[in-house]
Amino acid sequence: MALAPLDEEITLDQLSADPYPIYRRLRAESPVLRVAATGRTLLTKAALTKAVKENPELFSSDDPHTPMKPAFRAHTLMRKDGEDHFVERKAISKALTPKMIKSDWGPLYEQMAEEYVSRLPRGETVDLFSELCGPLAARILAHILGIPEANDEQMQRWSQVLIDGAGNFGWKPELFAASDAANDEMDALFGELEHKRRAEPDGSAYSVMLNADDPIPMSQIYSNIKIAIGGGINEPRDALATIVYGLLTNPDQLAEVRAQEAWDRAFEEGIRWVAPIQVSSRRALEDTELGGYDIRKGDTVMTVQASANRDEEIYEDGENFFVFRDKNPHQAFGNGPHHCAGAHVARRTVGKIILPMLFDRFPNMSLPDPQAVIWKGFGFRGPINLPVILN
Amino acid sequence: MIKVTYVAQDGSATTIEAEEGTSVMQAAVSNDLDGIVGECGGSMMCATCHCYVDEAWEERTGARSADEEEMLEGAAAEVTGRSRLSCQIRLDPSLDGLVVHLPEEQL
Ligand code: FES
Chain E
1 MALAPLDEEI
11 TLDQLSADPY
21 PIYRRLRAES
31 PVLRVAATGR
41 TLLTKAALTK
51 AVKENPELFS
61 SDDPHTPMKP
71 AFRAHTLMRK
81 DGEDHFVERK
91 AISKALTPKM
101 IKSDWGPLYE
111 QMAEEYVSRL
121 PRGETVDLFS
131 ELCGPLAARI
141 LAHILGIPEA
151 NDEQMQRWSQ
161 VLIDGAGNFG
171 WKPELFAASD
181 AANDEMDALF
191 GELEHKRRAE
201 PDGSAYSVML
211 NADDPIPMSQ
221 IYSNIKIAIG
231 GGINEPRDAL
241 ATIVYGLLTN
251 PDQLAEVRAQ
261 EAWDRAFEEG
271 IRWVAPIQVS
281 SRRALEDTEL
291 GGYDIRKGDT
301 VMTVQASANR
311 DEEIYEDGEN
321 FFVFRDKNPH
331 QAFGNGPHHC
341 AGAHVARRTV
351 GKIILPMLFD
361 RFPNMSLPDP
371 QAVIWKGFGF
381 RGPINLPVIL
391 N
Chain S
1 MIKVTYVAQD
11 GSATTIEAEE
21 GTSVMQAAVS
31 NDLDGIVGEC
41 GGSMMCATCH
51 CYVDEAWEER
61 TGARSADEEE
71 MLEGAAAEVT
81 GRSRLSCQIR
91 LDPSLDGLVV
101 HLPEEQL
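Listed in order, the protein sequences are those of chains E and S. Quick note: the first sequence, position 251, residue 251 per full-length UniProt numbering, numbers continuous. Quick note: the second sequence, position 69, residue 69 per full-length UniProt numbering, numbers continuous.
Simulated from the structure, these hints should not be mistaken for laboratory data. Incorrect hints may have been included.
What the hints assert, rightly or not - A few chain E residues that face chain S, going by a derived Cβ cut-off under 10 angstroms, partial list only:
1. Arg24
2. Ser93
3. Asn335
Unchecked claim - Simulated coverage check for chain S against chain E, where a stretch passes if three residues somewhere in it have a Cβ under 8 angstroms from a Cβ of chain E:
4. 36-46
5. 86-98
As the list claims (entries may be wrong) - Computed far set for chain E versus chain S, every beta-carbon distance over 10 angstroms:
6. Thr11
7. Ser118
8. Leu285
9. Gly336
10. Ala343
11. His344
12. Arg347
No experiment lies behind these values; they were computed from the predicted model shown. Quick reminder that beta carbons are idealized off the backbone N, C-alpha and C, glycines included.
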């Protein structure tokens, strides 16, 4: 068999500006394609992306050359396989169960959502993205992780710096210098809080990991918290902004969502439509084959869940936001062993608490100029502003 | 082929014929059954394949592992003594006729 065709036309700028028309074309013409600009083989069909993620024996997450290592100053669980990954994952996921959120944290998250939503000015144009989506996601995450002493600004800045570092495939020194500085700040805070989180166990991720019967090493506890900071703000933030956009630009659906209180379905559809994490990478451990093409040992394939989530084989009219589709087996949280550990948290906080509250407090919220909303991102994607009038 | 019956909350039952060696989750998902999501594909990472084993079958499906137990804590619906992750129940001939009940919600 042959290697997949090589594309030298598609640019990272195009993918960041609007990847969806490209993915649509690739699904139809070339679902396995080596894209020079990414240095990877892009997989754009749902069956392919799922098959790769669910076969960690053949497609490893372990990337010895990932910029994530210098960015986090650690080999994080995101880039480990098998038992190594499982042990660390288990250590943190205990703090992220729905039970924990419902019974231990629910009232606190409601109260924080309440506080952030009620300080928004009424009757004016407000950038919901920067005024609500980001800060609230940061505040809730700080509590989940057990570092509420970090403020919203710090949480958001650390998150961005870690993400920039993890995506620093050009190995620019200034990005790693920034992540080093952020790592120092985080390490100092974690160190300060250690005693308290040990002495007063509270169900937060830090506390749960510190007080486990058989705790993982301290260095891994730190890197797990950092991973959660890196990934735990932009996803709920972008999901929230995307769903609000989807509902405000589809008033008939919004009315129906309200009538049925179908906020959870709106949540699932929002993240299907524009997945906050659009792509992931896996490295082939053996020579193998995908969709009729050879994949060589050591090659990196990129599973494009953003595209899988609009695959015509699964979705009718997948390009459009439609809350009430019959089935919605999206891959926004990934598949396989690395299925997002924060999925339950996101579903509960965004879907069950924030969305209904926001539309309840501002029943006539409107988006006067949908064209003014700018969407961006290839690896991570969402609106970067959301100017709404709150009423 | 092994028959598995899934009983939904409203009492409606669906029987699926599955191949030996597949899991109760896989059988459901590949037949497009509502009520089992199986988001992680059977890696025991999502708890969206929760089911309750019918009393009559409890013995034969065996006990849940410690890891499964922990993951079940993440299930969206109430977890009982008969709760299992359906991706962890492998179908062999001794399970022909298995009956499982579906929870109210998976997500
Ligand atoms: S399919 Fe995810 S835990 Fe069973």
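Hints violated by the structure (numbers, ascending): As far as the earlier hints go, 1, 5, 9, 10, 11 and 12 are violated by this structure, in ascending order.
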